[in-house]
Amino acid sequence: NAGVMQNPRHLVRRRGQEARLRCSPMKGHSHVYWYRQLPEEGLKFMVYLQKENIIDESGMPKERFSAEFPKEGPSILRIQQVVRGDSAAYFCASSPSDGGYTGELFFGEGSRLTVL
Amino acid sequence: SQQGEEDPQALSIQEGENATMNCSYKTSINNLQWYRQNSGRGLVHLILIRSNEREKHSGRLRVTLDTSKKSSSLLITASRAADTASYFCATENQAGTALIFGKGTTLSVSS
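Listed in order, the protein sequences are those of chains A and B. Under our numbering, the first residue of the first sequence carries the number 1, and numbering increases by one thereafter. Under our numbering, the first residue of the second sequence carries the number 1, and numbering increases by one thereafter.
Read the hints as simulated data drawn from the structure, not as lab findings. Do not take every clue at face value.
[Stated by the list, open to error] Each pair of labels, with its calculated beta carbon distance range:
(1) A:G73 to B:G40: 41 to 51 Å
(2) A:R14 to B:E55: 47 to 57 Å
(3) A:V83 to B:A95: 37 to 47 Å
(4) A:E52 to B:G16: 24 to 34 Å
(5) A:R9 to B:T64: 34 to 44 Å
[Said to hold, decoys possible] Listed below are the simulated DSSO-like cross-link pairs for lysine-lysine, each with C-alpha atoms no more than 27 Å apart in a straight line:
(6) A:K27 to B:K26
(7) B:K26 to A:K44
(8) B:K70 to A:K44
(9) A:K62 to B:K103
(10) A:K44 to B:K69
(11) B:K70 to B:K26
Virtual Cβ for every residue (Gly too), placed ideally from N, Cα, C.
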């Protein structure tokens, strides 16, 4: 009964490099959400995906950020040409197919990105 | 924009005391949820209260919801050092597609 798995847990990148964060939802869950948390802040919604579909990306920055949830494999949050302001903890959450959009979310432990 | 806002931002109490955290939100909701986050960890769901409910209990947790005031409170009774964490309320966004979290209340329980 593995929970939501995120990797890497810690990632260090230099400015201009790319960061790829992976998320495997709980077994049986087909809804994935990505959130960003800055130090001492709450979580900011970024994107909501279902298998092969982006449902709501209203929280995603327009440039450099992209997300996908392919038919097979984990969801990927990709940040191109990282800048220091991208340093944050990125959390993935999942919910079951019949949980509705706003039922309980199950969170991973997060990926902490540090941009040097 | 933030939907829910918690109050106070920080709360320090002694073990055995009760802790009360409040959450205000802006638009109508179907339900409101509370989550806990231990330092350096992911969020854990605590309790969900539906818009037609006024109060809900789970162990030492008691949640109230006042839809007329657009507010909710989380009460932790007989607090323990292990309750030290940040607590967040969450409601759905206007599109109904995601949960929106407040900035949280940081609770410190000292023994």
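TODO: Please name the hints from earlier in the document that this structure breaks, with their numbers sorted from lowest to highest.
DONE: 1, 3, 4 and 6
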